[in-house]
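Visitor: Spelled out from the first residue to the last, the chains are:
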Amino acid sequence: MLKRTLFIVMALCLLVVPTSFAQDEPEPVRIAVFTFTSGPAASYGMPGRNAAELLFEQINEEGGLGGIPVEIVFVDEGQGGEAVVTEYRRLASEGVDIMIAALSSGNCLAIAPIAEELEVLTLMWNCDTHQVFEGNEYEYVYRTNSNTIPEFVSGALYLLDQQPDVETVAIINPDYAFGRDAAEIFKATLAVINPEIEVVVELFPQLGAGDYSTEISRLSASRPDAIFSNLWGGDLNTFVSQAEARGLFEQSQMVLALGTSSAENLGDTLPEGVIVGALGNGWFLTPEVQSNPEAVAFIDAYVERYEEYPSFPAFKMTQTIQSLELAVDTAMESNGGTFPTKEEIAAALDGATIETFAGTLQMREDGDGQTDQVWGVTVASDEYDFKVMDQIIRFPADLVSAPPGEPAIEWVSTLSPDILEMIPEPVSMME
Amino acid sequence: MDLQLFTLVLLDAVSYAALVFLVAVGLSLIFGVMRVLNVAHGAFYAIGAYTTATFVIWLEGQGASPWLSFPLLLLSAVIVGLVLGPLVEFGLLRRIYEKEEILQLLVTFALFMILEDVQKLVWGVRSYFADTPLQLLGSVEVAGVFYTRYQAMLLPAVAIIVLVGLRFFLRRTLPGKILTVVTEDREMAMALGINAQRVFLLTFTLGTMLAALGGALAAPTSSVSTGIAGEMIVLSFAVAASAGLGQIEGAALTALLIGFGRSLAVYMAPELDAVVPYLIMTAILLFRPQGMFGLPQARRV
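Chains as they are written, first to last, in the numbering used here: chain A, 1 to 431; chain B, 1 to 301.
Chain A with its partners taken away, still in its complex shape:
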């Protein structure tokens, strides 16, 4: 039995080996993309997957990344944290060149030290937790995306700008790094602007809970002026549908940090007047996106192929791929045109300024990224059969981001209440 297994393994090796000797064509750049493609989180993860598929296809049609074709493999984060780490190690050992990982903050925290240990260039496309770079220095890990600090500081500012009279606030976030961090940041920001505001309830249902009936009763019974939530994916859809059926949206001003990513899924179920965010600048109906012909072409191609509009996870994926393209091009200009090593790509990413579909992504020396933060209020539209954003405020990245190296939550408490005066005026896209 053992002999036979050995024989099969050897036979398989023989089948595989010769391909690596074939040098007629350049060996493709192998890139692994980690996202949720199953489970409740898939409704958030699929736009990321789709954007990667679409963009890498276009890149290959135009000759590839730095002239070399790209081969992508998708890894489903829905299989659980441990399996994702195992998969990461396996792909690294099989010689995958670049990892675009991951979606979940939990997975990013697990992957970052492994990426460093294995020296694999890893671009974190979505996970937001500020903990990734706090107290850690990484050579091979970059986050081509903003982090939790600007994302939730701006949310709290938007709420207080629109509803200055808020006195009581409730929070319902998923029970892991992302939800817990967001609650801390949101509370810290509120406390800076108006220390009188009272947080009456904080709930942390488990990720993928599937039912929020009891939580909604509790929220409703405590009658807060505003309810903040960074639930996402299928969880957010369920929460909104249950809360809407039970009048929670009429009772309290809802603030849904990831609201725009569920807008199309929810359709009529998402009411008007809800404060929604995009964890960055990736909302397709902003003046910046609509005035960029390449972005509009991308949106059209996306809608044609996937029969839905690209929500912000799609934009987060595009900005990561655009960062990679720019870094490869920059590195090739300075090294005389050969495909760059991972160290050369990493060096080119340090401090890079990337013009993405949705605006500017500024890479910092600590490996973290910074983008503007877009927030708005839901409104019905004649053109789309789902709610879109009105009263859009684009918070400049520098205004709401903690400087590199500074402990993030402490930085929030050093903000001055005057920050509300520095916010740009809201813009309307409805005419």
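Keep in mind that the hints are not guaranteed to be accurate.
Example chain B residues on the side facing chain A (calculated, C-beta under 8 Å, incomplete) [to be verified]:
#1 131
#2 132
#3 266
Among the chain A residues that face chain B by a calculated CB cut under 10 Å, a handful are [unchecked claim]:
#4 38
#5 205
#6 206
#7 209
#8 210
#9 223
#10 235
#11 245
#12 250
Covered stretches of chain B, as calculated for chain A (at least 3 residues, CB under 8 Å) [claimed, not checked]:
#13 212-225
#14 268-278
For the record, the hints were derived by calculation from the structure and aren't laboratory data. We put the CB at the ideal spot given by N, CA and C, even for glycine.
With the hints as your guide, set chain B onto chain A.
Guide: Leaving out everything else, chain B in the frame of chain A:
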């Protein structure tokens, strides 16, 4: 605890318990009669939910009266029960009744995994969203908080109808009585000329239908996606085991108890809400290993 809080906790507990009961009672019934712990039961729940969501979304597309979604809920449970029940019982379980319990457990677990993949094949991995029945019934205000009529009234009503119906069926009708006899002593029943195979087929189909009904009723209240089967089988097993496998009224009471514990946790100690059902189960089984209402098994020689 003040009255308002108690009312809210109780209402949440009742609507939660109603769904869990429907699934747990099917599991319990199958175990009671057939002595097979059917892990695939969770998959029947999920398939019931998917089928309902598909029907309801299809109905929305047809522009027909949305009230038709209510008969569709029932219809999908019946269809899933009638198709999958006999198929699994006849095609698979019938071959393993005489085998060891551990093997039976493994076979139904394998079936659970296969059906999980079947769900992915048929419905893909996206979540389905079919809340028409929930929205149709509107909401009702209790102690200052709005509840959907669907969750606060319809779900408990269905659970009570099923409970009363099952009691009536088992105690007052001939097939029910035969079923009870087979539960009590299979060998003696067969010696008296009862066709146990037919009883098994009937029981399994009924149990499957109940699981699918649980899924069908759950579909409008939450998004239907992969993974719901696993969560439900664990939870309904906790309920059925705490009650004592085979105990129908017991399952209803334990479902309520576990629902109440979980709701109370959300108000008092939200950190604990996910583990409370299992804490309650552990506490019960520590003191009564046969379950709260289970009878100690007499060893038969």
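Visitor: Give a verdict on every hint.
Guide: Status of the hints after comparison with the structure:
no., hint, verdict
1, 131, "holds (5 Å)"
2, 132, "violated (11 Å)"
3, 266, "holds (4 Å)"
4, 38, "holds (4 Å)"
5, 205, "holds (7 Å)"
6, 206, "holds (5 Å)"
7, 209, "holds (8 Å)"
8, 210, "holds (5 Å)"
9, 223, "holds (8 Å)"
10, 235, "holds (8 Å)"
11, 245, "holds (5 Å)"
12, 250, "holds (9 Å)"
13, 212-225, "holds (count 4)"
14, 268-278, "holds (count 4)"
Figure legend: structure checked against the earlier numbered hints; the only hint not met is number 2.
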